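Student: Protein sequences, first through last, are from chains A and B.
Residue numbering for the first sequence follows our numbering, beginning at 2 and increasing consecutively.
Residue numbering for the second sequence follows our numbering, beginning at 7 and increasing consecutively.
Honestly, the hints are just simulated from the structure, not real lab data.
Treat the hints with care, as some may be off.
To give a feel for the contact side, a few chain A residues facing chain B, derived at Cβ under 10 Å [unchecked claim]:
no., residue
1, L14
2, L15
3, A31
4, V35
5, L54
6, I69
7, I78
8, G147
9, T167
Small disclaimer: the values here were computed from a predicted structure and weren't measured.
Each residue gets a CB set at the ideal place from its N, CA and C atoms; glycine is no exception.
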Amino acid sequence: MQATDMPHGTLPLLYTFHFYLFGIIAIVSALLFVTRKSPVAAALWLVNTMFCLAALYVMLDAQFIGAIQVLVYAGAIMVVFLFVIMLLNLGRGEGPSDARGLAWKLAAGAVGVAMLAQIFAFTKAKTPEALTLPQGYVAQQVADEGVITPIAGPLFKDYLLAFEVTSILLLAAIVGAVVLGKQRSESAGGSSAG
Amino acid sequence: MLAEALFFSAVLFVIGVVGVLIRRNAIIVFMCVELMLNAVNLTFIAFAQRYGGRMTGQVFVFFVMTVAAAEAAVGLAIIIALFRHRHTVNLQNINVLKG
């Protein structure tokens, strides 16, 4: 893993230790997540993975994104998942396991190994020196301007159009979710949710 | 910590891919997709710390989270509609399009 970036000697040992700690907890939680039979247990392990990712974001100088990760992902999206699991009464995970057979598992393992090899080959690629920031640049920016200002600047200047389009996307998603989830009444004839 | 972050991100993404391939519960498959989105977000954050300079990576993570929230709302509504129709979320029993 000793690849393209800064030498590790410059980082405090405590930082490195916690970075590895949270990364390994995230991976172990993700493995438990895909192997649990009960959807509720799986969802809670995924929440654990997301908390660890929030910790990694904070350590990578993205404190605002870390807070958003906890609020939006672990707090809102996963609660909606749990709500649907319990609404459909799937929580106990009774009956035979829903994992596919051995042939599927071997094929999935082969795909996984191939993808890992590709991604690791890609991380060895050289990035142009002109793009590389001086060490501690983002941390310095956060110290100077605060946590939110460096994100809000580009968000509301360079990406203002995308930001506004996002609001339309969210509106469409709300309308779509209501239409799809609406209980079809017999008299309505059911043409709406076709 | 760029190399380590990319390593964790790659492993999490592949766990998500394998989960999509081996599980048949539609809700768990959907959560695996969320795990893949999270892994890509970690890559964005790690690159934003080292390259670029205007926090573009973090802005993109912001957008990815918004789209993921919209996707979760619509996807779960589809799963609820499917459950009402077929009384199951097991993908093996939802094979109308199978040739």
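Student: I'd like to know which numbered hints this structure contradicts. Please list them from smallest to largest.
Tutor: 1, 2, 8
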